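Protein chains: 4
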Amino acid sequence: MTTVRLLISCPDATGIIAAVTSFVAQHGGNVLDADQHSDKQHGEFFMRVEIDPPGFGLTPQTFDAAWKPLADRFNFEWRVAWGERPKRMAVFVSKAGHCLNDLLWRWKTGELPVDVPFVLSNHDSLRGDVEFVGLPFHHLPVTADSKAQQEAAARRLLEGAAVDFIVLARYMQVLSPDFVAAWPERIINIHHSFLPAFAGAKPYHQAYDRGVKIIGATSHYVTDQLDEGPIIAQETMQMNHRDTVEDLIRKGRDLERIVLSRAVRHYVEDKILVSQNKTVVFE
Amino acid sequence: MTTVRLLISCPDATGIIAAVTSFVAQHGGNVLDADQHSDKQHGEFFMRVEIDPPGFGLTPQTFDAAWKPLADRFNFEWRVAWGERPKRMAVFVSKAGHCLNDLLWRWKTGELPVDVPFVLSNHDSLRGDVEFVGLPFHHLPVTADSKAQQEAAARRLLEGAAVDFIVLARYMQVLSPDFVAAWPERIINIHHSFLPAFAGAKPYHQAYDRGVKIIGATSHYVTDQLDEGPIIAQETMQMNHRDTVEDLIRKGRDLERIVLSRAVRHYVEDKILVSQNKTVVFE
Amino acid sequence: MTTVRLLISCPDATGIIAAVTSFVAQHGGNVLDADQHSDKQHGEFFMRVEIDPPGFGLTPQTFDAAWKPLADRFNFEWRVAWGERPKRMAVFVSKAGHCLNDLLWRWKTGELPVDVPFVLSNHDSLRGDVEFVGLPFHHLPVTADSKAQQEAAARRLLEGAAVDFIVLARYMQVLSPDFVAAWPERIINIHHSFLPAFAGAKPYHQAYDRGVKIIGATSHYVTDQLDEGPIIAQETMQMNHRDTVEDLIRKGRDLERIVLSRAVRHYVEDKILVSQNKTVVFE
Amino acid sequence: MTTVRLLISCPDATGIIAAVTSFVAQHGGNVLDADQHSDKQHGEFFMRVEIDPPGFGLTPQTFDAAWKPLADRFNFEWRVAWGERPKRMAVFVSKAGHCLNDLLWRWKTGELPVDVPFVLSNHDSLRGDVEFVGLPFHHLPVTADSKAQQEAAARRLLEGAAVDFIVLARYMQVLSPDFVAAWPERIINIHHSFLPAFAGAKPYHQAYDRGVKIIGATSHYVTDQLDEGPIIAQETMQMNHRDTVEDLIRKGRDLERIVLSRAVRHYVEDKILVSQNKTVVFE
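Going line by line, the protein sequences match chains A, B, C and D.
In terms of our numbering, the first sequence is residues 1117 to 1399.
In terms of our numbering, the second sequence is residues 1117 to 1399.
In terms of our numbering, the third sequence is residues 1117 to 1399.
In terms of our numbering, the fourth sequence is residues 1117 to 1399.
Hints were generated in silico from the structure; no laboratory data involved.
Please note: incorrect hints may appear among the correct ones.
Pairs of lysine-lysine residues, derived as BS3-like cross-links and limited to a Cα-Cα distance of at most 25 Å, are as follows [said to hold, decoys possible]:
no.: 1; chain 1: B; residue 1: Lys-1156; chain 2: A; residue 2: Lys-1387
no.: 2; chain 1: A; residue 1: Lys-1318; chain 2: A; residue 2: Lys-1211
no.: 3; chain 1: D; residue 1: Lys-1318; chain 2: A; residue 2: Lys-1367
no.: 4; chain 1: B; residue 1: Lys-1224; chain 2: B; residue 2: Lys-1203
no.: 5; chain 1: D; residue 1: Lys-1367; chain 2: A; residue 2: Lys-1203
no.: 6; chain 1: A; residue 1: Lys-1224; chain 2: D; residue 2: Lys-1318
no.: 7; chain 1: B; residue 1: Lys-1387; chain 2: A; residue 2: Lys-1387
no.: 8; chain 1: C; residue 1: Lys-1387; chain 2: C; residue 2: Lys-1211
From a predicted model like this one, the values you see are computed outputs, not experimental measurements.
Build the full structure now, drawing on both the sequences and the hints.
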């Protein structure tokens, strides 16, 4: 069994840390880790508390009532992850399999503590890789005409499988605003550039044409503004004039794998809070 | 005026975070930042608390008595930095001036909030740079015969100037065990390799001869074991077969400056705790 | 005395390397280093040859006539740097002195083999630093009304001092198209972001507002399109939600110094060729 | 069909580049890329020439005779890779599958242009992954008693499959000096530290105990001195006091994959020359 994680956002005020850690102590809990951040510019406070389950007297059934006075006093927005079961991650993919392969390997070896109810793709080409590791593969091809219908099918699959979050592992379809709105801060995308540079299509081609000396990758939450959601993780590497577009695509795959898996890990460990279209990541 | 910083090491136990943050709150203090770390292997707990001075009811005169019950209960080793005045940093240097120049620039522009009572050197060549920025320069040449006497002179200078910590900015003399013992966790050195590789003399030559593809720099506290003190910061960069020893020396200077100034900044902000010859750096 | 460097751009063709290296050999020259690059997309070829002066039978007086047949045959654009004297670098700066201090230190210690005829600024605040190291400092304040006149004064100073290239070491005035056109591929700027992201004013504020997880710096040739000239060097570093705008500005200074000095070094060693608004840097 | 690659080591002398590139041109070859390096310390010269096959008049049958006068004149050690077929790579692995999975993925998708005749392991646990991608898997368990016999079996497999080079993708057996001597500069290992630090067993544990702030990985040719062969590629990443040994092992896997695949790619592209137990890598 994993730890209990409490995440809080609220207007900045004095005494919050003492109040929260004392609350946990009063209920027999041992605080394994407490992290917090004050955004002075916007007057916001963020906190993450990790509690050792043995000894903690509260449960999913009793927590809310006990917690309410404190939450009201400081005007908390909050959530608690009880860690009773692994988070359930659906992976959406198109034809490029490098991020999928990477995530499945981390899942299969236990490095990434998630359940994967299924992989969904608008192409059928990666079915073999998915079925080899024993996971269901759903092929939902998308055309302009079928898009709404296929998104509805995808949403039924997600609900049916009690999915917690979706990873777009190089899924090349733009999700509709309705779909995105139904999964707020629960869809993680990998974009193959250092955003905000080279948003949109073919970022490696854009980078090549501009003659930059670095390439990058960005993992972010999906919002209804394409490539403009809150950034979770980014990384860059040096390139030079000898690198062709094909070299950038090849080298970039290593960046994309690492950045996406890092963002997914942050999500799974309940380390991400969002405000002002930016993330607080309690690493 | 800067913040009040409280640093604690103790045997790991439950309830420490709540007890400490509540103590601060009870005395009217607002916890700006609280960071902690549990070393499960050795059963040790580390904590750093940053307190907003306005409102905090305790002073250097009254703190100890109020704090004692808590410190006794959890068996704290602790220290508190009241931030009433900038820390006083003495710089020791030999002939290579790049780290000195860098530190003086950061001091002069206010980036590094320290006072520099003097610079000491076993050579006279950097006197001009030091005196230009208005600082005293002490020339204490060292021979095998004069070493004990010159160290005694240095210690008188340090005590006379109420120095808090010493930075060895490429000071090429080995300090005696007595000297080091008098300044525990208060002497910061820069070694021009990624320790523990290439300890001792001429690390860039050693790196060149071994044919490594990276070079590095390491900042650490000085102990009586040469180049084996607790590591505070490290950084590496890529090199290749075209790099001569002279290239490594040149490129390494940039690493050394950055690593040393980072370690000094951690020290100045009271972010470093030591245990088991390792550092906890609350970045 | 340094090496002779020959730089060539031409339409791609077979036999160029053999023809050029044989030409050098026929005139008694030893090729110390030869580097080349084919841009397949645009059908262009680039080459840099470094020749050991002793034994090389050609001189600035005789080279052109001997070289002409080869240059005509392959349609070379070319230049040769005889290395008889250090390149002459003028530095333009405003109030932020970190890049200036860095360049002057590298010059003073001989790390950067250039002559610096003068430093020019639209403010008077860095005069002391410049005069301390024995260099002339010209204060040319700029207003909307005086801009044309002051640029003319600057051009007279540059011509009078036989300047080879200009480094904008955080010079916060936009140079006029006329000025830029008079110094093609001879003005090097440092921009404090990873271009093309965050062009224009206050890039660290832009980066903070977007919530990126990296910051960067870019050194490029100045063209009449602001922040859109050919990129010479770029570097990034990780940041996180705790970093304020002031932290970004502080951390970014280290990036800016390193990226700018790297670009200047490439220039001084005649390693940069430009085509299609991109650089070939023969590192 | 890939390019023809010519690799040369010899005592340093003048005129080599012109002589070699002219030789190629005389036989109708177009030099796509020429790279060279002079080791001034040891008076050695290294060169790599990449030739476009169409038009090149020499073949594996006729090259030696044509080339001999030049090779004799400059005392070349040389080899030529005709690129008629992909190099044949055998992979040796134990229980940790991350490097194997990575290499197989790069092979399967065509990113790494090699043939893989088989994977060999002293354990049977990765058989499924190997057979899924359609490759033979040989299980050769090793005990102190059976080691000589199993190495003989391995050598028969290697010879029978016309293997060009061996990759030790976390193979935890030390190969005998005889075995190593039979495959000079043809066995590539990945060691999970920044060598020369933390050679030998359990490098992440060693790193943790020393309290370093970086971890690393090193790919090198295997010699009969354990972890002391010529280094091909290295990379490091930052760590901090929160990282447990398990975290280092997990994070290090990403480094190991990238460093090993980079070294393998250099090998496959004939970019590595060895001298003085160091590598020249013509990137």
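Is A:Lys-1318 close enough to A:Lys-1211, meaning Cα to Cα at most 25 Å? Distance ~15 Å between A:Lys-1318 and A:Lys-1211 Cα, so the pair holds.
Given pair status - A:Lys-1367, D:Lys-1318, alpha carbons within 25 Å: Roughly 30 Å between the alpha carbons, so the hint for D:Lys-1318 and A:Lys-1367 is violated.
Is the straight-line distance between the alpha-carbon of B:Lys-1224 and that of B:Lys-1203 25 Å or less? holds (15 Å)
If you draw a straight line from the CA of D:Lys-1367 to the CA of A:Lys-1203, is it 25 Å or shorter? holds (21 Å)
Sort out whether D:Lys-1318 lies within 25 Å of A:Lys-1224, counting only the CA atoms. holds (24 Å)
Please work out if B:Lys-1387 and A:Lys-1387 have their alpha carbons no farther apart than 25 Å. At roughly 23 Å apart (the allowed maximum being 25 Å), A:Lys-1387 and B:Lys-1387 satisfy the hint.
For a C-alpha distance cap of 25 Å, please report whether B:Lys-1156 and A:Lys-1387 respect it. Cα-Cα ~21 Å, so holds.
Hint consistency between C:Lys-1387 and C:Lys-1211 [alpha-carbon to alpha-carbon, up to 25 Å]: Not OK: C:Lys-1387 and C:Lys-1211 at ~30 Å, beyond 25 Å, violated.
Hint compliance for this structure: hints 3, 8 are not met, and every other hint is.
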